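First to last, the sequence lines map onto chains A and B. Just so we're aligned, residue 1 is where the first sequence starts under our numbering, counting upward by one. Just so we're aligned, residue 377 is where the second sequence starts under our numbering, counting upward by one.
Rather than coming from a laboratory, the hints here were simulated on the basis of the structure. Be aware that one or more of the hints could be misleading.
As the list claims (entries may be wrong) - Under the rule of at most 16 Å between Cα atoms (straight-line distance), these lysine to aspartate or glutamate pairs were calculated in the EDC-like manner: (1) K605/B with E261/A; (2) K743/B with D952/B; (3) K1004/B with D928/B; (4) K1018/B with D907/B; (5) K1018/B with D863/B; (6) K1021/B with D863/B; (7) K429/B with E261/A; (8) K491/B with E567/B; (9) K606/B with E261/A.
To be verified - Over 10 Å on every C-beta distance to chain B, these chain A residues come out as not near it, computed from the model: (10) F63; (11) A175; (12) S216; (13) L312.
Said to hold, decoys possible - Covered stretches of chain B (in silico footprint by chain A; criterion: 3 or more residues with CB under 8 Å from a CB of chain A, positions within the stretch not fixed): (14) 616-629; (15) 661-669.
Just so you know, these numbers come straight off a predicted model, no measurement behind them. Each residue gets a CB set at the ideal place from its N, CA and C atoms; glycine is no exception.
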Amino acid sequence: MILSTSLNSSSYSFFDKLKAVDYFLILIVAIIGSISVVSIYSTESGNFSFYTKNHLTRFLVFFSMFLVLSFVRVSVWYRQAYIFYILGILLLLLVIFFGISASGSKRWINFFIMNLQPSELMKIAIIVCFARYYHRIQSSDIQSYKYLLQPIILLLIPCYLVITQPDLGTAILIAGSGLAIIWLAGLNLKYFVYSGLILLVSLPFAISFLKPYQKSRILTFFNPDRDPLGAGYQIIQSKIAIGSGGFLGKGFLQGTQSYLEFLPEKHTDFIFTLFSEEFGFVGSMVLILLYALLIYRIIRIGFSSRSFFAKLYCFGFASGLFLYIFVNIAMVLGLLPIVGAPLPIMSYGGSSMLSIMLGLSIVMSCKIYSRDPISN
Amino acid sequence: MIKKTGNLNKNKIISRRLFVLVAAKIGLLGIVTSRLYNLQISEKQKYEVLSDKNRIREWKTPPQRGIITDYFNNVIADNQRVYQVHLSLEEVSNFNNSIFKLKNIISLKEDEIKKIYEKKEKSNPWDTLIISENLSWKEFSKLNLYLHELDGAKPVLSTSRYYPYSNDLVHVVGYVGDATTQDIQNKKKIEENFVPGLKVGKIGIENSKDTDLIGNHGTKRYEVNASGKKISEISYNKETQGENLRTTIDLEIQQLAQELLKNKAGSICVMDIYTGEVITMASSPTYDPNKFTHGISTKDWNEIKNNKLRPLLNKSLAGLYSPGSTIKPLVALAALEYGIIDKKFKVNCKGHDHPYELYGERYHCWKKNGHGLMSMRNAIKQSCDIYFYEVARLLGVDKLSLIAKRYGLGSKVLEDFFSEEKKGIVPSTKWKIQVLEQSWYLGETVITGIGQGYIQTTPLQLCLMTAQLANGGFKIKPKLIYDKEIDLDKIKSKIESEKNKSVSQNILKDHEFKHYERLYRNPNNLKLVLDAMYGSTNEQFGTSFRSRHKEDKYKFAGKTGTSQVKRITDQDRELDLDLEEIEYKSRDHALFIAFAPYDKPRYSLSVLIEHGGSGSKAAAPLANKLIKKILDRHELREKIRKDLKNIA
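Assemble the whole structure, with the sequences as input and the hints as a guide.
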């Protein structure tokens, strides 16, 4: 359906499009992808089995998807933005009724080939949706209450649905990337200051609504030794793993914390910990640098785009991506409470991989069709 | 057009806003980087230690006890191979089930199972529990047969203490048992090397020399995973065996002594009068130390504890007895040294009709018809009480006490080597005021002169006293563990040089003597006393004449003693009952001290038979057999001494 509408590409020859592709960005993604496969391989103590196979397959499939979808015209994404958002909301509603539960939360829908986590898709949908929303609004109108309230409602709906799953981490990431776009669109600074203050004041009340395990996670964040074998275990073990990695790391497949199973969730949220234990400070910095380069490339694409939608999307996605990466790494380093946020591309998990690749393909589309001056 | 400017404006805003966001991102990235730096570079060591603490777990392996031998290298405390079954708790899926299965295979008793559960309560989940310490071969092979059904159970070949001469040496060597909390607290060495099931010395040498004997535990370091499962062995620091100890005991003489004491309660001590080496320290009755190694059963324990002859009491050094007449040579020596009497001093012993009288109190000699006019030599030889009543009265208890202490009474012979050793009592006027808060009566001096009254000694003290008389009056250092520093030739030459020293003015005053220092004023006094002891054994009318050796090389000198358990009444004296007619508990203790060979003294001994009757009938005959054995083994002992010296 989407592909058919993109056939109308009169002003771009196939060669032009190939020339316009940001190969450097593709290279970075491929490198991070390779590192992720190697890391997952290490979580299985160097056995090419279940997780590694799955992760490799997913990466290859979604990487290919990224390359193919890059050629979808950016105007198509623009036009389908609200549909994408509504689809996301529908899927989130579907989770409530047909979702699969795991470890106390209901986040997934079984799609036979994979268990889809709609909240992950929502991360991209909200960026696309807001990019379109602000694309058509005059800068003078942005500060009006009408245009202030509408995006807030658009943002609150998915956040609420995700929080009730419950999945605080993803909700925060959705909210964070949404707010980033609102900020980029030019909403007055005072609104951010006010809402920040309101949030601060209402924080104690908000905490009272949290689930006991969420509360304990937050309390544990401030003092991990409060419950070293329970809630504090993950963060203590993660810090031990990273710290003991040292400057050069313990070496590939030598991460004792992970292969002796002291490290929890090592495939998913704590994949950075494993990587950092085995490859040390140097490895960690290389990985962070790769992510920084990726974000830089995305911002660069945004700058070179003619349309406001493309700019807003690229900057928004770059900010979102940064947020995902920062929250994950800060979390495993003990700088933020453990909220459950995967590290883009690195973490095991199909939905996360899907949404990141999808987001990247829209970025690439912005690059290939950078001359498109999207209009209503 | 309006739209265009709007867009331009928006583009400007977005660039500015992006700039702010990028700046924020760089700031956050800086935080992450500094945190990584902090964890991985600044605090690396701390986290490395924590990581190792996570992954490495140590298991201690038990040390092996050192072996104890007698002087001739006969092993008297050995390590024996035992079959055990251990249960590795981390591998056990259902503890109750495992115990139930084991119970059927190796026949565990109810109280044993109770103990196992108690032990389990105190264990860590990764600990290994010793289910049975000493399985029979039959049980062990049965266990191996059913091993596949018993998860976590491990048949283990281990070693445990074994005493090959079971009963013969228990009062010397002692025994081992499980370390108690108190043992662990008291001895640092035990605390450092503690492993579950560690055996520590409870009494005897095993206890005194525990620190040397225990050895060092080994350490096995394993890499473990988060659930505590062993993944691989990282290192194994092997355990070491404790020091091997050579005692000064002669196993054969010890065994003979125990044999002689069989079915009696008593003690036999033998000592080298120069080196102070304790050659035999027998105490009877005895018990089997092997029973304690794996925990003694209540039945066996009660049997030992309730035995009227008190096998648990080490009579050689913890049994206190009045020395009786064995003190007489010392009383005579004291009187000679202080110049109270000379060898011509005589006292008339006129029998029970004319007892010794002091302030209306009457003191009898043991001989009904009296000894007649007694000189010092005869009084010792025939053990006349009347003579010593008079000598003691003239001497005074304080001078007697001073000389008695000087020759080894009233203090621990082996110092603090045995915790149970007793000091005994050598009374003096000062002692009575301090301890009993009463003033001294002259009558008490009189009976102290024949070794009765307050005076209390251990058989080992009497042996030491005899040794220090027999070696010519030199202080020696008794010991039970072979010490290569103590050299016979050096001791002898030191003694020789001491002999020629001029006597200090203070020799008769109370003062500390160093080892091998001379204890006497005039050597002739000692000679007189020793000669009298010779007469006592080798001349007619001597109290131990019947126990003498006729052959020159076995000739010895001794002194009998009969220690009253209760006061002899006039009625008793009238009845003059035979030993068998008196109730066991009321019979006198029989004592005998001796040194041999007479012409070149080398060994001293003391014999004590509780409630044995008279010293001359019950104690002295044992010395006869013992001395023959001691002297027969002399050459062999000297050969070993030379060999050991050459090795050193």
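Violated constraints from the hint list, given by number and in increasing order: As far as the earlier hints go, 4, 8, 13, 14 and 15 are violated by this structure, in ascending order.
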